[in-house]
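K.L.:
Chains as they are written, first to last, in this note's numbering: chain A, 228 to 340; chain F, 5 to 116.
The set of hints was computed from the structure by calculation and includes no laboratory data. Each hint should be verified, as a subset may be incorrect.
What the hints assert, rightly or not - Pairs of lysine-lysine residues, derived as DSSO-like cross-links and limited to a Cα-Cα distance of at most 27 Å, are as follows:
(1) 46(F) x 284(A)
(2) 271(A) x 6(F)
(3) 236(A) x 46(F)
(4) 236(A) x 284(A)
(5) 241(A) x 284(A)
(6) 60(F) x 284(A)
(7) 60(F) x 74(F)
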Amino acid sequence: NAGVTQTPKFRILKIGQSMTLQCTQDMNHNYMYWYRQDPGMGLKLIYYSVGAGITDKGEVPNGYNVSRSTTEDFPLRLELAAPSQTSVYFCASRRDRGVFEGYFGPGTRLTVT
Amino acid sequence: QKEVEQDPGPLSVPEGAIVSLNCTYSNSAFQYFMWYRQYSRKGPELLMYTYSSGNKEDGRFTAQVDKSSKYISLFIRDSQPSDSATYLCAMSASGGSYIPTFGRGTSLIVHP
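Chain F on its own, in the form it takes in the complex:
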């Protein structure tokens, strides 16, 4: 079992839809949970992060962590064509080098 599992998609939705992106993990030591957005032929950029558990909201984006289920989610409300990108989850433990483990990324396509 991989430490971080993420469905690569692609996930295709119409403009305005609510998008749910998910990752599961096996390492109970993970405390930092991050979502990166990567446009085609660009480097990833940090979108949101949460520490430990709970929800975090930023505009149209909501990140959720369920540590009991080892499951994290990113919700995108009122999705736009400009949201079309690959979304990578990443997680790291506290202490040590804080180097994250990345998921494979989910390709999202929002069509007008």
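Just chain A, same shape as in the assembly:
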């Protein structure tokens, strides 16, 4: 099992550009999550999904969009990138509800200049 994979690992965007962060898991997990982590801060939930075709907003959804057409993939779209979106983005998945035994990807480091 590869677990949770994310691409790209690093990216530099100019203000106003758009991009998609890819996330794929091979564990057949229904639940998937996108977090951002700013230096010295905890994880902030952007969007999550409880299954294919079902997504919902987290704590900081503005400036982002998601889709979930398959169980495996949960891409995060940034439209009109802003410097405030400079962060490290983590995708995670989990098998069940209850304890958050989240399997995290390695992260995407995004800089917007």
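Got chain A; can you put chain F on it based on the hints?
P.N.:
Just chain F, lined up with the frame of chain A:
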């Protein structure tokens, strides 16, 4: 007041020391209490969790929950340089989406 408070550190200790990491919280509905370890430039990984209250031990690690004080702790005995990482606490309520609220993380440095 934030829902989960955690001192970001850094906390620097000599090898072999007992380390105490702590979080406080304000939401009395929290039932799941988790500790994650995050190495530099890696994603977090679940280290331990407890449900409701009490202690849980796993090797050199002990997690404690005091719901009356809304206070949780992670103790690391005989700390090793390989324990150097950021430790994040996280908590969630039962029911609903079970989505946890994370603390800021405490940076731990264990020097030889």
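K.L.:
Please go over all the hints and tell whether each is borne out by the structure.
P.N.:
Consistency of the hints with the structure:
1. 46(F) x 284(A): holds, 25 Å
2. 271(A) x 6(F): holds, 13 Å
3. 236(A) x 46(F): The hint holds at about 11 Å.
4. 236(A) x 284(A): Holds, at about 24 Å.
5. 241(A) x 284(A): Given pair residue 241(A), residue 284(A) holds - Cα atoms ~25 Å apart, limit 27 Å.
6. 60(F) x 284(A): It is violated: about 33 Å lies between the C-alpha atoms, which goes past 27 Å.
7. 60(F) x 74(F): Holds. Residue 60(F) to residue 74(F) sits at ~17 Å (cutoff 27 Å).
When held up to the earlier numbered hints, the structure conflicts with hint 6 and nothing else.
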